[in-house]
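In the numbering used here, the protein residues as written are 100 to 336.
For the record, the hints were derived by calculation from the structure and aren't laboratory data.
You may find that some hints are simply not true.
What the hints assert, rightly or not - Only pairs whose alpha carbons sit at most 30 Å apart, straight line, appear in this in silico DSBU-like list of lysine-lysine:
| # | residue 1 | residue 2 |
| --- | --- | --- |
| 1 | LYS206 | LYS124 |
| 2 | LYS132 | LYS237 |
| 3 | LYS172 | LYS112 |
| 4 | LYS112 | LYS242 |
| 5 | LYS279 | LYS222 |
| 6 | LYS112 | LYS124 |
| 7 | LYS279 | LYS237 |
| 8 | LYS237 | LYS215 |
| 9 | LYS215 | LYS279 |
| 10 | LYS279 | LYS112 |
| 11 | LYS172 | LYS223 |
Claimed, not checked - Ranges of calculated distance between the beta carbons of each label pair, as one might list FRET restraints:
| # | residue 1 | residue 2 | range |
| --- | --- | --- | --- |
| 12 | THR253 | GLN134 | 17 to 23 Å |
| 13 | ASN335 | SER120 | 43 to 49 Å |
| 14 | THR253 | ASN335 | 23 to 29 Å |
| 15 | LYS172 | ASP328 | 37 to 43 Å |
| 16 | GLY239 | LYS279 | 42 to 48 Å |
This one's a predicted model, so the numbers in the text were calculated from it and none came from an experiment.
No residue lacks a Cβ here, since even glycine has one placed at the ideal position from N, Cα and C.
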Amino acid sequence: MTEITIAIYENSKTDLDILISYLRKAERTLQQKYQIYTFLSQKAFHEILSPRFDIVFLNIQLLTSYSESIIQKLKSFNRYVHLIFMSSSSESFSLGYEYGAQNFLLKPLSYLQIIKEMERYSKKEALLSEPFLWISNKRGLFKIYYSRLRFIETESRHLLFHYDGTTICHSGNFPDFTHKLPASEFFRCNNSYIVNLRYIASIIPDGGRYNIHLLTGETIPLSRSRYRDCLHLLQNP
Numbered sequence: 100m101t102e103i104t105i106a107i108y109e110n111s112k113t114d115l116d117i118l119i120s121y122l123r124k125a126e127r128t129l130q131q132k133y134q135i136y137t138f139l140s141q142k143a144f145h146e147i148l149s150p151r152f153d154i155v156f157l158n159i160q161l162l163t164s165y166s167e168s169i170i171q172k173l174k175s176f177n178r179y180v181h182l183i184f185m186s187s188s189s190e191s192f193s194l195g196y197e198y199g200a201q202n203f204l205l206k207p208l209s210y211l212q213i214i215k216e217m218e219r220y221s222k223k224e225a226l227l228s229e230p231f232l233w234i235s236n237k238r239g240l241f242k243i244y245y246s247r248l249r250f251i252e253t254e255s256r257h258l259l260f261h262y263d264g265t266t267i268c269h270s271g272n273f274p275d276f277t278h279k280l281p282a283s284e285f286f287r288c289n290n291s292y293i294v295n296l297r298y299i300a301s302i303i304p305d306g307g308r309y310n311i312h313l314l315t316g317e318t319i320p321l322s323r324s325r326y327r328d329c330l331h332l333l334q335n336p
């Protein structure tokens with residue numbers, strides 16, 4: 100189980116104790132492990148700032164011009180640090196945008212707020228650790244996560260990436276990407292298609308070849324000569 104390191108900067112002992120109790124409850128519910136550091140003053144927060152914190156809860160009303168250097172230091176240890184600002188007034192939350200906060204929590208805090216935030220962080224962490232590749236075209240640069248890439252097909256001198264409900268066009272050919280895609284997850288089912296094995300729902304004979312039916316409803320061809328190799332990968336993940 101991966102340990103999540105949490106820092107709390109809060110000068111209200113009552114609010115601090117409530118937040119810790121909610122985190123401990125969320126820890127048990129989500130079956131996670133939290134290491135929690137607490138700071139009641141800006142001086143203490145700055146002096147002990149050495150661990151690589153994953154999540155930081157900050158009372159936004161304690162922030163000053165000096166706080167910018169603290170947040171920069173936080174990000175130097177972990178550029179993906181998850182900053183959560185807390186306040187008893189929603190009017191002060193606009194300041195949080197200047198510091199790159201991921202979320203704002205209005206006091207008094209509730210357990211529902213905390214467990215939702217911890218679930219949100221877990222999803223973010225899963226996404227950050229997931230493998231991906233970059234695709235570029237005239238529209239811009241796109242991060243393509245393997246798990247959302249259903250299949251790739253060739254069209255003229257372009258590749259069409261069928262990704263997460265959309266199609267992204269890229270000028271290139273299969274050899275540009277076959278070495279980047281994990282062989283245990285992607286299979287070249289004929290000269291014009293590469294399929295993500297996770298999305299295959301069934302393989303149906305069609306004359307002298309086979310058709311691959313995907314979980315998302317698309318159908319793509321599978322060469323007869325590659326049927327056995329495809330079947331082997333599916334049965335031996």
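Structure-based check of all given hints:
Taking the CA atoms of LYS206 and LYS124, the gap is near 18 Å; set against the 30 Å cutoff, the hint holds. For the given pair, LYS132 sits about 44 Å from LYS237 by alpha-carbon distance, which is inconsistent with the 30 Å threshold. Note on LYS172 and LYS112: the hinted pairing holds, with a Cα-Cα distance of about 25 Å set against a maximum of 30 Å. A threshold of 30 Å between alpha carbons decides the hint, and for LYS112 with LYS242 the separation of about 43 Å lies outside it, so the pair is violated.
Straight-line distance between C-alpha atoms of LYS279 and LYS222 comes to about 24 Å, which keeps the hinted pair within the 30 Å bound. For the proposed pair LYS112 and LYS124, the alpha carbon gap of about 18 Å is at most 30 Å, so the pair holds. In summary, the hint linking LYS279 to LYS237 is supported, as the alpha carbons are separated by about 22 Å, within the 30 Å threshold. For a cut-off of 30 Å, the pair hint linking LYS237 to LYS215 is broken: about 38 Å separates their Cα positions.
A threshold of 30 Å between alpha carbons decides the hint, and for LYS215 with LYS279 the separation of about 35 Å lies outside it, so the pair is violated. The suggested pairing of LYS279 with LYS112 is violated, with an alpha-carbon distance near 51 Å, which exceeds 30 Å. This hinted pair checks out: LYS172 and LYS223 have alpha carbons roughly 21 Å apart, not beyond 30 Å. Between THR253 and GLN134 the beta carbons are some 49 Å apart, a value that contradicts the proposed interval 17 to 23 Å.
A beta carbon spacing of about 48 Å between ASN335 and SER120 agrees with the range 43 to 49 Å that was offered as a hint. A beta carbon spacing of about 28 Å between THR253 and ASN335 agrees with the range 23 to 29 Å that was offered as a hint. Distance hint check: the CB atoms of LYS172 and ASP328 are about 52 Å apart, inconsistent with the given range 37 to 43 Å. The hinted window of 42 to 48 Å between GLY239 and LYS279 is violated, with their beta carbons roughly 19 Å apart.
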